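Undergrad: Below are the chains, spelled out letter by letter.
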Amino acid sequence: MPAFRNRLYRDDAVVLRNQKLGEADRIVTLLTRRHGRVRAVARGVRRTSSKFGARLEPFGHVDLQLVEGRSLHSISQAESIRLYGGRITGHYGRYTAASAIAETAERLTPIEHEPAQTLFQLTLGALRALAAGEHTPGLILDAYLLRAMGSAGWAPALTECAVCGEPGRYGAFSVPAGGCVCPHCRPAGSARPSPASLELMIALTNGDWKAADASETSTRREVSGLVAAHLQWHLERELRSLPLVDRAMEQA
Amino acid sequence: MYEGAIQDLIDELGRLPGIGPKSAQRIAFHILSADPADVTRLAQALQRVKEQVRFCSVCFNVAEQEQCRICRDPRRTDEIICVVEEPKDVIAIERTGEFRGRYHVLGGAINPLEGIGPDNLRIRELMERLQAGTVKELILATDPNTEGEATATYLALMVKPMGLTVTRLASGLPVGGDLEYADEITLGRAFEGRRAV
Ligand SMILES: [Zn+2]
Ligand SMILES: [Zn+2]
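If you read the protein sequences in the order shown, they are chains A and B. With my numbering, letter number 92 in the first sequence gets 92, and the count goes up by one each step, no holes. With my numbering, letter number 31 in the second sequence gets 1031, and the count goes up by one each step, no holes.
A portion of the hints provided could be inaccurate.
[Stated by the list, open to error] Below, simulated DSS-like cross-link-like pairs (lysine-lysine); rule was C-alpha separation at most 30 Å, straight line: (1) Lys1050/B to Lys210/A; (2) Lys1088/B to Lys1050/B; (3) Lys1136/B to Lys1160/B; (4) Lys51/A to Lys1088/B; (5) Lys1088/B to Lys1160/B; (6) Lys1022/B to Lys1050/B; (7) Lys51/A to Lys1022/B; (8) Lys20/A to Lys51/A; (9) Lys1088/B to Lys20/A; (10) Lys20/A to Lys1136/B; (11) Lys1136/B to Lys1088/B; (12) Lys1088/B to Lys1022/B.
[What the hints assert, rightly or not] If you want the ones that stay clear, here's a sample from chain B, every Cβ over 12 Å from chain A, calculated: (13) Ala1034; (14) Ala1037; (15) Ala1045; (16) Lys1050; (17) Ile1070.
Source of the hints: derived by calculation from the structure; they are not laboratory data. All of these numbers come straight from a predicted model, not from anything done at the bench. Note that the Cβ used here is the ideal one computed from N, Cα and C, for glycine as well.
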């Protein structure tokens, strides 16, 4: 084996996904603060004697020491900053929303090691809000999706026409056109969401939680449909977790 | 790349879980140089497992008959069902000698990231078993990790209206580990100290 210098580096990260590898290892997908998405091996983590314990379980915020490898990096040390584990897995609605957040974060960082600081902040904030039960999981998820799409540069147009850019509130919404559309630009087959739904999307984008928390169930349902359609349109493959998000059991 | 049969074997071995290209190659050449009788036994064992082993029609554990050995055992109680993710977890719990009830093997845990929802597991079949009314306690022994905990949360919520006692294995099982790696003593203690959820 050729001499290979294994550079060590340190960063904090959110654990997005955790896959079994071989007998007792896992491949952990991380969204790090400064190094973007990183896939790293955690050796022996599934053994009950593992030094990593629960620290590398999904949705936790951890401080890591990593070692660069030729293909995969590996985790040499992990300290927990905040583990949300039980506060998320003890509520089924939170768990399914957290899964959709993690999958979205992974899909919005197609290139490994490319810094994605805004997305890191959004992801950490959304998981923290879920764990704290600040709002219903469905609303936290939709706010996250809207802002994460914004960080990727394709937030739906809500306060101007998606086609001509004319500012205003318009009643038609077209996923292919990129959001709300004015009467002149409106493509055939545009949806006509309720004005309350458009207001809710604006509130979620701006973090106006007072307005968002006061919204009706039917409005939330329409918004989650529009947000999901907009997201799926821009991603090449469908999100697996999105249809499994449980909005019926979504007590905060 | 090798030619013909040896490459076919390497490719097949490489599709097995936990076996990378290097291991596949090593195993293939080991087989090539092994005693023919040993190789025949291996080939027969592979074939027999597909021909003879199936899933128990009651609990979905592995079985060689319509029902598994545990479901057929008249000395075990029908009043307690222990829910696990995989057949290997049944083996781990049986080793503790602490449990005399029946099992239900889900076939995995709820994992939206892998596209696995409640409908992909044997949850409907579990609900049907509980409808009969014989069961008084349901022990949720899914893995002590994120997916296992979330699956236990979901099941507890589903069976709540049925009014039976639902318990979860006691803490002491290290979070993040696999149930199958817990030693008998720890697992046995977790069983004794199970708590209602
Ligand atoms: Zn326009
Ligand atoms: Zn059985």
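Undergrad: The structure should be examined with respect to each hint, and the outcome stated for every one.
TA: Against the structure, the hints:
no., hint, result
1, Lys1050/B to Lys210/A, "violated (59 Å)"
2, Lys1088/B to Lys1050/B, "holds (17 Å)"
3, Lys1136/B to Lys1160/B, "holds (12 Å)"
4, Lys51/A to Lys1088/B, "holds (24 Å)"
5, Lys1088/B to Lys1160/B, "holds (27 Å)"
6, Lys1022/B to Lys1050/B, "holds (27 Å)"
7, Lys51/A to Lys1022/B, "holds (28 Å)"
8, Lys20/A to Lys51/A, "holds (17 Å)"
9, Lys1088/B to Lys20/A, "holds (15 Å)"
10, Lys20/A to Lys1136/B, "violated (35 Å)"
11, Lys1136/B to Lys1088/B, "holds (25 Å)"
12, Lys1088/B to Lys1022/B, "holds (27 Å)"
13, Ala1034, "holds (23 Å)"
14, Ala1037, "holds (28 Å)"
15, Ala1045, "holds (20 Å)"
16, Lys1050, "holds (23 Å)"
17, Ile1070, "holds (24 Å)"
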